[in-house]
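Each chain is listed here by its residues.
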Amino acid sequence: MSPTTQISAPTGSGPAGEQATLKPIKLLKQTLGRDRLAAVGAMIIVLVVILAVFGQWLAPFPDQGMGATNASARNLAPNALNWLGTDQLGRDVLSRIIMGANPALTISAVVVAAAALIGIPLGAVAGYRGGWLDEALMRVTEIFQAFPPLLLAMVTVAILGPSLTNAGIALAISWWPWYARLVRAEAKSLRERSYVEAARAMGIPQLLIISRHVLRNCMTPILVQATVDIGTVILAAGSLAFIGLGTQPPLPDWGLMVAEGRGLIFSSWWIATFPGLAIFLAVLGFNLLGDSLRDLLDPRQVKR
Amino acid sequence: MTHVLSIRDLNVEFTDRGKLTNRPVRGIDLDVSAGEILGLVGETGCGKSLTGLAALGILPRGARRTGQVTIGNDPLQDSSEPGGSVAIVFQNPGTAFNPVFTLGRQLSDVLARHRQISRAEGKAEIIRHLSLVGLPDPERVYRSYPHQLSGGMLQRAMIAMALLRQPRLLILDEPTTALDVTVARQILVLIDELRHKFGFGVLLISHNLGIIRDVCDRVAVLYAGRVIETGPVEAVMNNPRHPYTRGLLDALPAGRTHGQRLNAISGTVPGNLLSLTGCAFRNRCSHAVTDCSLTDPLLTETGPHQAVACLQEGEL
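Those protein sequences? They're chains A and B, same order as listed. Under our numbering, the first residue of the first sequence is numbered 960, with each subsequent residue one higher. Under our numbering, the first residue of the second sequence is numbered 16, with each subsequent residue one higher.
What the hints contain is simulated information worked out from the structure, not anything from laboratory work.
Keeping only pairs whose Cα atoms sit at most 25 Å apart, straight-line, the calculated SDA-like set for lysine to any residue is: (1) A:Lys-1147 x A:Ile-1102; (2) A:Lys-1147 x B:Ser-64; (3) B:Lys-138 x A:Ser-1170; (4) A:Lys-985 x B:Thr-117.
If you want the ones that stay clear, here's a sample from chain A, every Cβ over 10 Å from chain B, calculated: (5) Asp-994; (6) Leu-996; (7) Ala-1001; (8) Leu-1006; (9) Thr-1028; (10) Ala-1030; (11) Leu-1048; (12) Pro-1080; (13) Ala-1095; (14) Leu-1182; (15) Pro-1209; (16) Phe-1225.
Covered by chain A, according to a simulated footprint, are these stretches of chain B (three or more residues, beta-carbon under 8 Å): (17) 70-82; (18) 100-107; (19) 110-119; (20) 122-131.
As the structure is a computational prediction, the values presented were derived from the model and not from experiment. Using N, Cα and C, we set each Cβ at its ideal position, and we do this for glycine too.
Please build the complete structure, drawing on both the sequences and the hints.
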């Protein structure tokens, strides 16, 4: 099939977004070919994933990456041995950035997955059923959404105690309402489609209608949202670590490294700057890809 | 003759927070016998589709049904689940299937709901039904996505889907409106064949009197949520007794010479029927008298199986 046929304008029944999700991998390839920014985003993401998976073999000083100190080489500026310099405990900054990719990616993937797993079913049921159930569920999400997400996460971590796991739990708790509301809005419009009415008329049970016809057709916005959110959660987890409520030293974490280097920013700028750049690039990568996915999968929202 | 559908004093009411807001169907009586096609005809907004949905047992949100609906011998329960032996075919086949699944998958869902059957048997059964409705190469249709098929083919597949439920009553809600004339003709011929073959009754909802005349055995003319005239098709078409039926027939282009204007019925259907007194048609009726605004006419027999709801019936 030629690349242009899949993304051609919708004709007749159903928006193209619904048909476009049929071949996600093929679509991904097309997005990258057409859209330079998306390709940049994808390359960054691939790099982060490689670092996360193979970090301990790629890092020049894996033991320092995990926290081993080296008192003789403190606060060294970038040089031939330590490409990005060393921190105040003599640890190689590059190694710690590489080793920090794994926890950053793991926590964001787990948080987004958990938020989606909680939010999607609740939103689908609320949107499809409507009535008091919808009202009740939406008031609950509003209670969660009334707090700034980071504040809610901070409170949760303060109760549970600071650690990477608890930061993940806290972020998932403050993230799921967004998925619930997203899916609810989609479900509310999908339930009025003729094929849902037809399925109802043919005696298809409600749960099957929700899983088949509603959930399957709102995968597009969920996919876009999840892509962007992985980046956002990296930033949020980094923020929690920065204020001491996430990963605890001596484990590597980009947010924690920025916090550790903060006091030395004027004398040893590399300690805080490079992990900050790592966060920036990772978030940028996911945002670029997410935006391009939205443009491609949902032609109605294209702004260009 | 056994009735596969019998409706007595059917009302459909819309409520908003417990308050009655509209009653678009007001006391309809209908009977459909096995193997018979009853046409339900009327303008937009006269309650045709709601009557069909009410007979199926699924109504839009906020709507409520009162009155008796009996399918075969089983009274319809008050639930959102459709009755067991009724099936419906909707107006627009292009949107009646989910675009992301193959037809085979969607038909399997319906069959699985209706009968306990193995996967292989189910596929064979679906392919048998697809060829039953005259689809060439049913194997390919089984594997196809909706956008790969034409509207006529999709409507046939929709009918196959309805047949999988082994219905005693098939409701067709404007089944040919979205199709072009030749395809529409084929679909109607198919329906006619199938009802003889399987002996189910058909409730055919349409605003097209031409279709009604061609395929129906009996017809019920609806106006503002009421049956205002009913009877055998020939009798109603050749000798309409109600001014509204006459107006509808007058608006048909048949028998006119080129350039001649068609007669339209002036005015529109009243929107809210709650505060209505007297005959709902009186404001558009050229025969209306004072009594029409006071008395709501009842359906009264005027001939064999023919009945009309008009005070002036004898005068016309």
